[in-house]
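Chains as they are written, first to last, in the UniProt record's numbering: chain A, 1 to 470; chain B, 1 to 470.
In short, the hints are calculated from the structure, not lab data. What you are looking at is a predicted structure, and each value in this text was computed from that prediction instead of being measured. Possibly wrong hints are sitting among the right ones.
A pair holds if it fits inside one copy or across any two, identical chains being indistinguishable in the list.
Below, simulated DSS-like cross-link-like pairs (lysine-lysine); rule was C-alpha separation at most 25 Å, straight line [to be verified]: (1) K3 with K25; (2) K242 with K130; (3) K213 with K242; (4) K25 with K366; (5) K153 with K102; (6) K274 with K371; (7) K274 with K237; (8) K370 with K161; (9) K215 with K12; (10) K213 with K61; (11) K161 with K366.
There are 2 protein chains.
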Amino acid sequence: MAKYEQLAQELKTLIAQGVWQAGDKLPSLRQTVADSGLSLMTVLNAYQLLESQGVITAQAKSGYLVAPQPETFRYPDRQRQIYLSDKVDINEFVFSVLQASKQAGIVPFGSGFPDPSLFPQQALARSLVKVTRHMSPSFAADNLPPGNAGLRKAISQRYAKLGMSISPDEIIITSGAMEALNLSLATLTQAGDWVVIESPTFYGAMQAIERLKLKAIAVATDPQLGIDLEALAEVLKTYPVKACWLMSQHQNPLGCSLSDTKKQALYQLLNEHKVSLIEDDVYQELYVDSSAPRPVKAFDTEGRVLHCGSFSKSLIAGYRVGWVAAGLHAPQLQRLQVMSTLSTSAPMQLAIADFIQSAQYERHLKQLRKKLADRKLAMYQLLRAHLPESVGVNFAQGGYFLWLALPAHMDATQIYSQGIERGISIAPGNLFSNQVEFRHFMRLNASYECSPEIVSAVVVLAELIRNYSR
Amino acid sequence: MAKYEQLAQELKTLIAQGVWQAGDKLPSLRQTVADSGLSLMTVLNAYQLLESQGVITAQAKSGYLVAPQPETFRYPDRQRQIYLSDKVDINEFVFSVLQASKQAGIVPFGSGFPDPSLFPQQALARSLVKVTRHMSPSFAADNLPPGNAGLRKAISQRYAKLGMSISPDEIIITSGAMEALNLSLATLTQAGDWVVIESPTFYGAMQAIERLKLKAIAVATDPQLGIDLEALAEVLKTYPVKACWLMSQHQNPLGCSLSDTKKQALYQLLNEHKVSLIEDDVYQELYVDSSAPRPVKAFDTEGRVLHCGSFSKSLIAGYRVGWVAAGLHAPQLQRLQVMSTLSTSAPMQLAIADFIQSAQYERHLKQLRKKLADRKLAMYQLLRAHLPESVGVNFAQGGYFLWLALPAHMDATQIYSQGIERGISIAPGNLFSNQVEFRHFMRLNASYECSPEIVSAVVVLAELIRNYSR
């Protein structure tokens, strides 16, 4: 074991013993060099190792803090929670939650989007102004499917930064990731086909399945480890599955990410059964700063993964620009797009192409990742300070969601309704499943700064949970 | 009979006798006042009556010209051309025609869009710049379905100008009319349902029907009189039809418009059978200047018409903003949109709302209508001058399409392939039906100025037709 690994191990033990607790500041690098007699490089390596393991997190100006440790979540059925449903029916509920979240002045803990003040709205407006001034008269035709050539090339270059070789030819620009995901599913399936989703899952997957009259099998996903591959293997053996739709990174609503090993195993498993994967990766850029993870698509040797991305969570919401790297399904998917929305708005494609090819994009992403990590940790600490101990808070690296487990007898829908009356939205667990198993869970958006207003909202939330009436 | 009606009748007789022929200039108002001894008002009324009847057209700076008269079209089955098809399969052909039309430098007679130089691209860019500078941080959420409130209000006000009372609440902003039409069809039907379309029809209708696994009945549509209501009545009696999708104005590909009486009769017929109408009205604004027609939606007393509009043909292509006034189906359609593309790009909605609320919009539309009318007439004359007499050219008021009937033994697909090789695209009749009945027809885009390049292209087209080999 190298010296830096030894140091990391020692620090880990001290943290496990409670010498430093979640949110506590570790001794500075300089201090540790002085205390240990090790070189600065060794100490830095040790800290970075711990950071990559999610044990500590780097905070701007305050050095390294101890990261929240995974809390134990007792799910109703841990082993291999599979359920079947001929009819998924989630729409009315999703719609009413979305509508409620639109109310002006509501504290948006239920929102799926990051705090819009984190987006470089003005800089993007400048890109938009610039490109609209130089649009050729044929701009509409030039940007028909598969979409703007410059934007597809820029996306391809970003894949290259991850060591992935994705040709611009397999990239199709869409009206946000929602269209990318829907087109992917429509490309792979016919009415009546079986599709694997996660449990819990992004409600958009259930809605798409309902709309296309497909049948869904949900495979249990652990809030720290991600999808249960054994359960998935069993499902693939049992059912004639046509597609699998999941998130391998910063899963919505849990926040968890698969390890590289697990991503590769997942790909191999699906490939053995010749099942294509719809990889919803809209939070891809929101990793913790030091390590850029690679999606399952990175292990795709057969063109079987349809990797769906978006700029709505990492750059700007409301422009509605996403994409899919559709592998061997690209030609068919492109035809389907021509039939459904024809194309994505051309000025929006051009503006985003302009922005992401500038140095501003990387600078923005760095800042965004840092801020989201800081705010999520602060929100975690705030929740822990105010919520009863009986409430579990799942903290995963990256993204901006926290997943809360209330005591099992509680129904988060009730908290949701009471919250709306008090001016606070949350996303109740029922949104993420068509069964009641996540009734006592909720997803909170942790992308907002801990302002007095946010603190008050957390206090109210804690009060609602304490006063919960059966 | 009033004096002006008498004068109109006399002029009509002279035109029928060939004293003045299509494209000839009529005597000026002043000249006719001098010749007839009638008042200027009487003469003006007579000319305007003839204009409203499509007998003459007003031309900028050149007074009134005789309009082309309807040519006789012999369709393979004139009476009530109904066919059934369990499987509509048009996609590959449509896609290859669309892709071919994207080639740089091609003469775009096959294009579905008007000459982009007719669009106020720079003025819209200024609107876009203005709105992006003033977007609130919450602009993404504010413009979620049903869409920007200001834009929906502005659209509602335009309906009011036609004497139609359409609440902003039933208007949903979409990513172009294509999304509006697709969502409408998905709202009204389940897989296996029967849908009525026209014959010939916009290929997008057939694609949507195929995608949703519906069954289609096509009802004959006359190039001058529009859909055959007797045939439609019979179909409605015979089949459990769930929806009817048609164009009541400037039909694509024919160009024909229904009279008000026929629009009302159509509505009543559908209403008797409780069948909802998807009214594709994307060329609504492209009428001949003196008369703003009202869609079938104007006769809708039950909220049964889903009126689909777009800015892509009248204002700017490539922004991808359309709408549907969905009547009683609005709530369900809105839910469906949230599930499929989430929403239309917010800056695009805001820019168009800004522009159409300014005086520029009406000014632009007036110019556009005039230019399109002039260019279509010029194109008609050009075609008549070069094409063999055996080719029929259907001239309908409004829009920018001409519908050509080649001799019955010809296949326009062959002309299309040869045309592409010579740098000219056309839209062959097979695009607009899944039967071969329109094999010897073609649609030409007449929105381009008769430049030397366009003249040469017409000469080549005439040559291809003359040299047609069986």
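Each hint, compared with the structure:
no., hint, result
1, K3 with K25, "within (22 Å within a copy, 97 Å between copies)"
2, K242 with K130, "neither (44 Å within a copy, 47 Å between copies)"
3, K213 with K242, "both (13 Å within a copy, 19 Å between copies)"
4, K25 with K366, "within (22 Å within a copy, 69 Å between copies)"
5, K153 with K102, "between (35 Å within a copy, 19 Å between copies)"
6, K274 with K371, "neither (40 Å within a copy, 56 Å between copies)"
7, K274 with K237, "within (12 Å within a copy, 48 Å between copies)"
8, K370 with K161, "within (20 Å within a copy, 53 Å between copies)"
9, K215 with K12, "neither (45 Å within a copy, 66 Å between copies)"
10, K213 with K61, "neither (52 Å within a copy, 59 Å between copies)"
11, K161 with K366, "within (15 Å within a copy, 51 Å between copies)"
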